[in-house]
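**Q** Residue numbers for the sequence shown follow numbering that gives the first Met the number 0, so the first one is 0 and each next one is one higher.
Honestly, the hints are just simulated from the structure, not real lab data.
Check the hints yourself; a few may be wrong.
[As the list claims (entries may be wrong)] 20 Å max Cα-Cα, derived EDC-like pairs, lysine to aspartate or glutamate: (1) K420 with E432; (2) K686 with E542; (3) K420 with E489; (4) K574 with D528.
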Amino acid sequence: MRSLAASWRVLLAGSLAGLGVVLLATVNPLGFFEIAELKALDAQFTLRGPREPVSPIVVVTIDEDSFDGLDLAWPWPRAVHDKFLDIVGRGGPAAIGMDILFTEPSSRGPADDAALAAAVDRVRDRIVLAAALTTVGDASFVKQALNPPIPAVRGQAAFGSADYDSDADAFVRRATLTRLFQEREWAGFDLLLYRLAERAGLARGPGPAGSELLVNYRGGPGTFPMVAYHRVVTGEIPPEVFAGKIVLVGATTPTLHDIFPTPFASQSGMSGVEIHAHTLETLLQGIPLRRAARLLVPAVAVVAGAAAAWTATAMRPLPAFGLIAAAVAGYLAASHAAFLWGRYWVEVVPVPLALLVTYAGTVAKNFTQEQREKRRLSRFFSPAVVTEIIRHKDDAKLAATRRRMTVLFSDIRGFTSMSEKMPPEEVVTFLREYLTVMTEAVFTQGGTVDKYIGDAIMALYNVPLEAPDHALRAVRTALEFQRRLQPLAERFAARHGGRLACGVGIHTGDAVVGTIGSEQRLEYTAIGDTINLGARLEGLTKEFSVPIIISEATYAEVRDHFAARDLGEVTVKGKAIPVKIYAVLFEFPEAQSAGRGAGEAGPSGSEKSSRVDPRRAPRRLMEGRVSISDGELTVVAEASDLSRTGIAVRAVPRQLEAGEIVTLGLTLGPSAPVVTVDRAEVMWAHKDTAGLRFVELSPAARAAIDAFASRP
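Given the sequences, and given the hints that come with them, work out the whole structure.
**A** Written as structure tokens, this is what we have:
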């Protein structure tokens, strides 16, 4: 299990990442976050779809048809507006909003202005006129000013700014209800119309709060009932149509440049007068959009960052990404639900970004750490074991624990004295090649390299992952050491002289294994009597002149797989009770075949070898003479045990050395011809006894040996 401190570090790092995203969104470099949030709000409207308006609003459009119908150039004579207001006023509207600027005197003279003033005066308690915002000042000082209607109508009707403030992307999403001019707060065009409608009993909501309103658009252009201006003036539309209505008058033709992009009209745009209609609908029905609580999204982003870091650490990248993607989708769905049923505008960028950024950062960090950990673990474990440890991320596998294992110690005999006569560079080069080759042999059998001590190797089996046949794997590794050493020894002898031999000691027992050491330096290793005895057995190989010595505990687990010679009991340092030891000769053929590739079967091992009974391998006791020749000297010894793969001899006139290659002449019967084994390797030698492995022989010799070994 991950430690509590490590868990808190992960959560803290994720929280800081989420907080960083929030701060980045607040700083908003290049306006990216603001634009993204605005587009997300537009998407909320699109997903929600249009809604039918409720308020009795009628939009009178100054459009191309009206220009054609009246056949007049803009600006129209104000007498035309006189006639329009007279007709609409007789219908009894609740309010009239003229989104037309009358800020300059008519070019047709005072009479034209007087006609407009008279018309406005007739509906003075039900009309609001538009005022314009203007910018005054120079480059050093700029301020906005309110440009009101002409004096002739200014006293007869309320007026307010009809301008909209666009967002960073030029879209209109907000309405400014009041503006501050000359230290006085002025009600805007929409707020004045709302007050008239409220007086007429048309308001259904609690009323506006604040100077700004997030418009809850009901749809795109044409959402509200629309009547062409010229149809009213020509009498085609009767006054009764406007009874009790809020009548908004304004330009809808693009030629008068009063078109703005909105959430439902991002390409074609929406006329300013229709935006006023949506604003009034929002005010009258009490349905403005609301911003989520100020600290809600930052808090969720911080929690999301922590959750993403935890998820990316606790799970593999792909499943973690699926969970993160589900969390992003869930958050987006929740924000849309809040928009639909609570009219909340919840920021959608920080939280998904915190989730994704923290996930990506954590995965990248974990990948880097994993690669570093793989490099560290590869010093001890085979690639298959490393992959297994990393995949499960089970720290308990490396925690200190007591378990049964097999330990292997190997050492090159006499290398220290030989290396003193070699240049340091060549010593390092040879050791690198030797240790690489031997480490591969350990890894092939699923072992763990605990440490290198000069040219010595300490390897463990059955740790950190279980391998029930750990003793078998260790002995196979020892035999593989002897095989792999041969070409290295030949090259070494050719270059430096001297004969290299490798001694291996193996013991099976209980030991404490795990990550052991100080806070400054930890090392995966094993300690205990089992380890000490394994090291002592390696030292005995030189005394007994055999390449591989195993303890009785190890022999008990591999006796059906390997030919071994009983070396008797020895008393080793640190042990009061004598230990029985054996010299490994060779692996029985069927066991060898069953175990081939065991290392590749993975850390859990292969069960195949346990299903083979190696005791059925053809072998028999033999009495006869054996000639042994090294090319210069031939001696005759007595044979004692023969199998298809090797022979044990006694009464050898000269001391043989482990690793030595000789030629054998076997007499398999009183009248049988001599069978020649072209190459045989001395596997062990002790005083006048030795064990040899057949390396190279002719098909005829093979057939003769097989036939003899198979006799009942």
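**Q** Below or equal to 20 Å on CA atoms is what counts here, so check K420 against E489.
**A** Distance of about 18 Å is within 20 Å: holds.
**Q** Measure nothing beyond the straight line between the CA atoms of K686 and E542; if it is 20 Å or shorter, mark the hint as holding.
**A** The hint holds at about 10 Å.
**Q** Are K574 and D528 close enough, with their CA atoms no more than 20 Å apart?
**A** The given pair, whose Cα atoms are some 9 Å apart, holds under the 20 Å limit.
**Q** Is the hinted pair K420 and E432 satisfied, with a Cα-Cα distance of at most 20 Å?
**A** holds (19 Å)
Comparing the model with each earlier hint shows no violations; every hint is respected.
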